[in-house]
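Asks: Residues per chain are reported as follows:
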Amino acid sequence: MKTHDVAIIGAGPAGMAAAIEATRNGLSTIILDENPAPGGQIYRSIETVPDQRAALLGPEYVSGRSLAADFRACSAEYVAAATVWNIDAGLQIHYSIAGKGSAQVTAGSLIIATGAIERPTPMPGWTLPGVTTAGALQVLLKAQGAINDDVVLVGSGPLLYLVADQMLKAGNAPRAIVETVPSGQLLKAARHLPKALKAFSYLRKGLSMMRRLSKAGVPVYGDASSIVVEGTNKVEAVRFLSKGKQHRIETTGVGLHQGVIPNQQITRLLGCEHHWHESQQCFVPALDDRFETSVEGVFVAGDGAGIGGAVSAVLRGRLVAMRIAEKNGRDTRLEQRAIQVQLAQDAAVRPFLETLYAPSPENIVPADDVMVCRCEEISAGQIRHAVDLGAPGPNQVKSYLRCGMGPCQGRMCGTTVATIIAEHRQKDIKEIDYYRIRPPLKPLALSELASIESEPTRHTPL
Amino acid sequence: MSTPSTADLVVIGSGIHGCSAALHAALRGLSVIVIEKDTAGRHASGVNAGGVRRLGRLLPEVPISDRSMNIWNKISNLVDDDCGFQKAPQIKVAETEDEMEAHRERVRVLNDMGFHHETILSQAELRDYLPAVSDHCIGGLASLEDGFALPYQTTFAFQRKAVKLGVRFYENTRAQKVQRDGKNWRVVTDRGTFSGTYLLNCAGAWAGNFAQQLGEYAPVEAIAPMMIVTARMPRFCNAVVGATGRPLSFKQMENGTVVIGGGLRGIASPETNGSQMLFGKLKQTADTAISIFPVMKTATIVRSWSGIEGRMPDDMPVIGRSSTEENVFHAFGFSAHGFQMGPGVGELMAELIATGETNAPIEPFNISRFTTKH
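Those sequence lines, one after another, are chains L and R.
Everything in the first sequence is counted per this note's numbering, starting at 909 for the first residue and increasing by one.
Everything in the second sequence is counted per this note's numbering, starting at 31 for the first residue and increasing by one.
What the hints contain is simulated information worked out from the structure, not anything from laboratory work.
Just so it is clear, CB atoms sit at the ideal spot from N, CA and C, and this is done for glycine as well.
Just so you know, not all the hints are guaranteed correct.
Covered by chain R, according to a simulated footprint, are these stretches of chain L (three or more residues, beta-carbon under 8 Å) [what the hints assert, rightly or not]:
hint : region
1    : 991-1005
2    : 1311-1325
3    : 1353-1361
Taking beta-carbon pairs under 8 Å as the criterion, some of the chain L residues facing chain R (in silico) [as the list claims (entries may be wrong)]:
hint : residue
4    : HIS1293
5    : LEU1297
6    : GLY1298
7    : PRO1300
8    : SER1307
9    : TYR1308
10   : ARG1346
11   : PRO1347
12   : PRO1348
In silico SDA-like links for lysine to any residue, alpha-carbon gap of 25 Å or less [as the list claims (entries may be wrong)]:
hint : chain 1 : residue 1 : chain 2 : residue 2
13   : L       : LYS1106   : L       : LEU1242
14   : R       : LYS104    : L       : LEU1297
15   : L       : LYS1350   : R       : LYS313
Pulled out of the complex, with its shape left as it was, chain L reads as follows:
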């Protein structure tokens, strides 16, 4: 089995930056990524995107090109199409290469750069065919240039406007934007505005997107609530209240979005401590000031460390690599300090965005008849019933109802289940905690398990 100084999981902005910085500091580095090419979600298809598509995706997206080029030029061993399915307590990584079986690798330090996932948005009808997420719509656009020409975007967050703007530029504006941001929320967020001005470019970009959409006549329904996706076998309409008035928009496609949250599967698997991020309304791994988790040698870079966006992800990736270089005897303190300053500036816009685009309460704690665990088809009401019977937390509810036991391993329902339990028991969500995550992190063929090399494992129990 191969051993490296550093193993990085994920070749998005954080992972690529970490690989560049680690190798620049002389650390032997391997980077594993699930996709066939580098870029992650934000810079998906960055190396192959045609110019025309790149233009409509915008300059922030295009800026990923040079990062990807630097990444390709660095000496890190890059393993594409590698699905990490287990990391054991000795930091031995098991990964699977599609059609080629499993391999293992270890490293002195591990950088988890697996980014964010879209916050699940349980609501009536959200499992109907035709319902997708804003992020998934963008994936199609980046990877295939495909655009659904009949979509209502529903939810809140910067990505909702970004996707709408990109669709508009591509000539297929969304039918409408149904925004769950309550009236008065802007006022609440305004107190963070002075700080946010330090990162003015984000605000300017947001405002110009909104202007373009308004000019193009894309209707925006604000203060939306009681949202229901209607349909029998597929989406037929979206029904909602906006500013107290009932609306119904017929459509065959719905793109949901309520912001993004860290992908915690690996840090949970490794038993890293997590805490609840009040402002981002999600669990984040507990990290020190330079992104090391409670498990020694395990670092998190990028949005997995708390949502910060692509620019911060690059900075965090570099910082983590420098920190590891420092541990390996290289003095990188000055450079680290410079990056900390840039990070602070880039993060200045976050409190404003987090307050303005706080997730909609009716998605966070959905009504009883709404399905929460899609794999096992468990509703919010069933979860509340299990709590009424005496199940105290997510793991007991999981054992009792099977929610979180399906192929997605709880990624899609974990945060919702914890939130519902906390609300129903009227406890702080910190006390409620989260599912224990078990390997494999992603489904693994039994035949592949049957053919793995059997190697001795270090006896360092979790």
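Could you slot chain R onto chain L? The hints should help.
Replies: For chain R alone, kept in the frame of chain L given last:
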């Protein structure tokens, strides 16, 4: 009259055995406190493979397992919950003629003991029960009236029924010391002291410590049997299947997922409640499953897990009175096959505690069997 921290009986551990004993003791009119360092069913009782199996048990266990089966058959009457219990054949597949012969011999012995639940399956009969079984399997041993249940749902149901009957559970409360206090027994925990006339040690992998405090030697080993579960598959198996010459326990659940276990062990860390999967070892489980059911070549694993269990050196549980102290009892060390016995052992422990005797043949399980060897 019992105060919040006193009762007739204090039970340490709320696995299936602690919960069942508490429930049955309450049915006999005893006041009961259960002390649990985590939550009910957190370890082996909540995460085992769920087999409700008399098939293939060690001979001394057979009468008790059979007694427990009678309770399983009416489980809803006892706990107001079906526990996900379903009757299903339990079958041990034989892959060689030697294995078949061993099965035939076992059936003869059981019949001599007066038990007739295990029968030989010819190759044709095996295929009737298991159409997907590999051609190389030549027959098997079966207990056709066994079954399986959902382990967490079961332990949780026992706990809830016990609560309904007045049993007081103190979860997230770690028992530290057991001490005599005049005629009573005192259990010192990190959340206060509890006392009772009787003390029952159902602490599973953690039970050895309490036995030691009572001056008894019980070499409990903490083990972590590993299990895997697949994504849903079209129905191909209606029985719970084991192999004879290699470790395997295999069943397809109602929802189509296939749960595969068989006793291969990961690393247990009882100090931290943690356990670690060893995929290098699970390779063998995957091999065996595919070899006995070739359709498993197409299966996808979605999850693996293990739960910490107490194992005794002879793979037999400790059931019965303390050998050193009055009014102290043990039921632990079920060595990865205690789930089915939970209802029955709880019942007989309650009988033993409340009446001073039981007609169940529990002598082979006496804790002193380790002391005398020492």
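Asks: With reference to the structure, classify each hint as holding or not holding.
Replies: Going through the hints against the structure:
{"no.": "1", "hint": "991-1005", "result": "holds (count 4)"}
{"no.": "2", "hint": "1311-1325", "result": "holds (count 4)"}
{"no.": "3", "hint": "1353-1361", "result": "holds (count 8)"}
{"no.": "4", "hint": "HIS1293", "result": "13 Å, violated"}
{"no.": "5", "hint": "LEU1297", "result": "6 Å, holds"}
{"no.": "6", "hint": "GLY1298", "result": "6 Å, holds"}
{"no.": "7", "hint": "PRO1300", "result": "6 Å, holds"}
{"no.": "8", "hint": "SER1307", "result": "4 Å, holds"}
{"no.": "9", "hint": "TYR1308", "result": "6 Å, holds"}
{"no.": "10", "hint": "ARG1346", "result": "5 Å, holds"}
{"no.": "11", "hint": "PRO1347", "result": "6 Å, holds"}
{"no.": "12", "hint": "PRO1348", "result": "6 Å, holds"}
{"no.": "13", "hint": "LYS1106(L) - LEU1242(L)", "result": "23 Å, holds"}
{"no.": "14", "hint": "LYS104(R) - LEU1297(L)", "result": "22 Å, holds"}
{"no.": "15", "hint": "LYS1350(L) - LYS313(R)", "result": "17 Å, holds"}
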